[in-house]
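Residues per chain, in single letters:
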Amino acid sequence: MKNGVQRMIPNGYKPFVSDDHFKQEVYQKIEKVYAKKEAQMLASISAIFDIIPIKDGMTLSFHHHYRNGDLLVNMVAEEIKKRGLKNMTFAPSSIFPVHKPLSDLIKNKHITSIYTNYISGDVADTISYGHMKDLLIMDTHGGRARAIETGDINIDVCFIAASAADKHGNANGIDGPNPCGPLGYIYPDLYYAKHKVIVTDTILDKLSSNDIDHSFVDYIIKVSQIGLSTGIESGTTQMTKDPIQLKIAKDTVNLVKELGLIKDGLSFQTGAGSTSIAVSHFLKGEMVKQNIKGSFASGGITKSLTSMFEDQLFDDLYDVQSFDLEAVESYKKNKHHHLMDASQYANPFYKDNIASKLDIVILGATEVDLNFNVNVTTSSTHKLMGGSGGHSDTAYESKLTIITTNLVKSRIPFIKDHVETISTPGTSVDIVVTERGIAVNPRRKDLLEKLKDSLLNITPIESLYQKALDITYKPEPIKHKERIIGLIRYRDGSIIDSIYEVDHK
Amino acid sequence: MRKSLLFIPANHPGMLQNVDIFDADGIIFDLEDGVALTEKDAAMDLLASFFKHFHLKNIEKIVRINEINDLDLIMCEQIDTVCLPKADTDVLKLLDKKLSTLEKKYRLTHKIQVIALIETPESILNALSIAKQPRVNGLLLGAEDLSTYLGVRRTLEGKEIEFARNMVIYAAKSMGIDAIDTPFTDTNDIDGLNKDIEYAKQLGMNAKACIHPNQIESVNHLFRPSQEDILFAQKILLAKEQADREGLGAFSVDGKMVDKPIIDRALQIIKASKE
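Residue numbers (the numbering used here), protein chains in the order written: chain A, 1 to 505; chain B, 1 to 275.
These are calculated hints, taken from the structure and not from any lab test. Yeah, the Cβ is synthetic: ideal placement off N, Cα and C, and Gly gets one too. Please note that the accuracy of each hint is not assured.
Calculated Cβ distances over 12 Å to all of chain A for the following chain B residues [said to hold, decoys possible]:
| no. | residue |
| --- | --- |
| 1 | P13 |
| 2 | G14 |
| 3 | Y106 |
| 4 | F163 |
| 5 | T187 |
| 6 | E217 |
Pairs of lysine-lysine residues, derived as DSSO-like cross-links and limited to a Cα-Cα distance of at most 27 Å, are as follows [said to hold, decoys possible]:
| no. | chain 1 | residue 1 | chain 2 | residue 2 |
| --- | --- | --- | --- | --- |
| 7 | A | K474 | B | K52 |
| 8 | A | K241 | B | K52 |
| 9 | A | K250 | A | K29 |
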């Protein structure tokens with residue numbers, strides 16, 4: 001059947017209607033699950049499989065606070081393989097190249113379905129090529145919290161990688177030799193999974209903060225090393241030197257300035273990566289020049305945001321996970337650098353979630369189409385290479401959503417008549433900034449009016465599309481197989497698009 | 001008047017594709033030092049093809065050639081200007097003849113101009129003769145090659161090229177053409193670039209070549225008249241209008257006498273501010 005953005009989805013799933021359709025729904029949470037007794041210390045990952053016990057067909061969840069430095073998912077996967085367990089469902093909040101060993105487990109039917117918010121590397125290729133028996137469900141960060149709270153994702157065992165814990169089961173991500181920062185994504189799992197297991201390499205008598213409350217924790221396992229702190233760095237931590245990216249970043253900040261949004265009380269979010277760092281850098285310059293003090297910055301936190309915070313350009317930081325060690329350090333020492341849990345961050349049903357208080361969010365894109373729909377999930381060849389994460393959540397919630405993207409890169413146009421995969425609906429997107437012009441969504445007549453005398457190159461998205469085709473000509477349509485291997489689940493639980501098997505050739 | 005001219009090696013498709021997005025007044029498509037010897041044929045081929053398919057508007061298209069015969073392979077309507085390396089009066093005369101022939105052959109609708117690259121001790125001393133050659137509408141100082149000829153090391157302060165800068169400026173300005181400053185080679189040092197531009201502008205340069213797109217904003221900004229200059233120029237011109245109405249030959253602004261050079265400078269500033 002076709003959904004509200006005219007995409008084919010399999011029968012039996014709830015079709016996407018509109019980005020604000022959730023307002024008509026009643027939210028019903030399942031009961032929180034408290035530990036029945038004092039947390040029990042176990043000697044190994046293997047021991048937990050016997051004691052619970054973990055069996056065929058169970059759903060296990062994990063989190064990506066160590067990002068590409070995560071070691072826990074692979075430890076658990078190895079035990080599943082050793083025990084020959086089958087038909088397992090994995091629900092990690094993200095999957096990175098470090099999780100390559102999962103590919104074998106998928107091919108051999110140990111793992112047959114996955115829920116996640118972001119996927120890259122070998123596992124993404126394995127699923128794209130159709131090796132997983134059942135479907136991949138791609139949630140958003142806020143949507144994953146919703147799905148767990150409502151029981152849409154029914155977790156049997158939640159494994160929490162913590163950098164330190166005490167013997168009672170309290171834990172955090174900041175103490176110990178391998179810190180990773182605030183553990184914002186673990187909370188829905190911590191509250192609603194049937195069994196909760198803290199895995200750490202450091203047991204302390206007293207923690208500097210009890211970010212994880214022992215009353216939800218059933219087991220503690222000490223391993224030799226839980227993760228690599230250096231792996232949390234997301235791509236580069238330096239500002240881009242690419243003149244095109246710098247132009248896009250400067251134009252973005254000039255646009256925000258022309259819209260009169262650089263003012264006291266400003267709240268702001270952007271992602272990691274060198275262009276986002278450049279946007280933060282130029283925004284900082286404007287805020288300092290105009291003596292502006294913002295209210296808060298949020299999201300995954302980078303050192304460019306902690307530096308703005310330390311320069312007192314923001315009152316507070318709301319941090320769901322740290323993207324570098326400077327951000328971890330800032331969380332440890334600043335009381336106004338707050339941990340933000342996934343539901344509080346962006347669950348559509350969490351009243352006054354932090355994302356809804358954002359004035360501006362700056363997001364990236366793999367493709368944008370003439371209806372302003374954005375793809376951040378699949379590549380131009382339809383292969384899985386990312387995911388929404390907080391993209392759809394913040395795009396909907398923030399007062400102004402700006403997408404920054406190259407118009408053309410390596411002779412591939414980034415603005416298309418139709419995106420390969422819709423991750424975020426165009427109704428949530430206000431402006432697209434490219435190196436060859438800025439397109440405002442015609443739905444935002446107020447913005448068009450404000451920018452009518454602008455010296456910036458404001459142009460219809462159709463004209464940007466034509467400029468791209470003038471350079472690249474129209475690319476051949478992407479061919480993929482008919483079999484659906486995954487679904488993009490919008491934050492309200494409806495299906496916004498399908499992901500198809502990619503031909504090996 | 002030009003302000004910013006960006007060098008782009010002509011053998012790099014990714015760079016060619018984006019030359020028109022950085023607000024440079026002109027692009028110098030480089031076939032000379034920016035292209036390895038083994039790549040020169042490919043660069044000419046690519047550039048010819050680029051001009052055929054990409055129609056750049058509102059931007060000066062300049063080609064830095066290796067030798068005059070390069071023009072046989074790349075000449076087309078899109079080229080506005082030829083940049084001649086190690087320019088001297090003899091080669092400029094030959095270039096003028098060659099361009100006249102090619103303009104007829106390709107029925108070009110405009111006359112091709114020339115920027116003379118002044119980068120040898122001899123051309124510094126002959127700068128005025130070079131500026132007087134047909135088609136030359138700008139002198140570009142090439143300080144890197146010049147320093148090699150002089151056997152000196154380039155410094156941030158640029159004392160070693162001060163004489164050369166002045167020769168280029170005096171020759172260019174005496175002929176009413178552009179004095180274009182040598183590029184600043186440290187592409188990561190924007191503070192150093194800004195100081196270099198301010199100094200060159202103070203001496204009399206009106207434009208600067210750039211070797212990285214990230215330098216263009218500084219060059220455009222600093223070579224544009226400042227708000228303070230524009231306000232003062234407007235004040236001078238208003239006072240002149242009033243003096244004309246009152247039939248006064250001489251008048252003063254802020255207690256200082258205003259004469260013709262000051263009025264001409266005010267007119268120049270207002271003109272430049274509108275470009």
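Inset, instruction - Grab the minimum beta-carbon distance between T187(B) and chain A and tell me whether it stays above 12 Å. - result: 8 Å, violated
Legend entry - Given pair status - K52(B), K474(A), alpha carbons within 27 Å: 19 Å, holds
Inset, instruction - Please work out if K250(A) and K29(A) have their alpha carbons no farther apart than 27 Å. - result: Violated, at roughly 44 Å.
Inset, instruction - Examine each Cβ of chain A, and state whether all of them lie more than 12 Å from the Cβ of G14(B). - result: 7 Å, violated
Legend entry - Non-interface label on Y106(B), tested against every C-beta of chain A at 12 Å: Y106(B) is indeed farther than 12 Å from all Cβ atoms of chain A, at 24 Å.
Legend entry - 27 Å limit on alpha-carbon distance, applied to hinted pair K241(A) and K52(B): 30 Å, violated
Legend entry - E217(B) and chain A, when compared Cβ to Cβ, separated by more than 12 Å: Answer for E217(B): violated, closest chain A Cβ roughly 8 Å.
Inset, instruction - Examine each Cβ of chain A, and state whether all of them lie more than 12 Å from the Cβ of F163(B). - result: 33 Å, holds
Inset, instruction - Determine whether the non-interface label on P13(B) survives the test: each CB of chain A must be over 12 Å from its CB. - result: 8 Å, violated
Comparing the model with each earlier hint shows violations of hints 1, 2, 5, 6, 8, 9; every other hint is respected.
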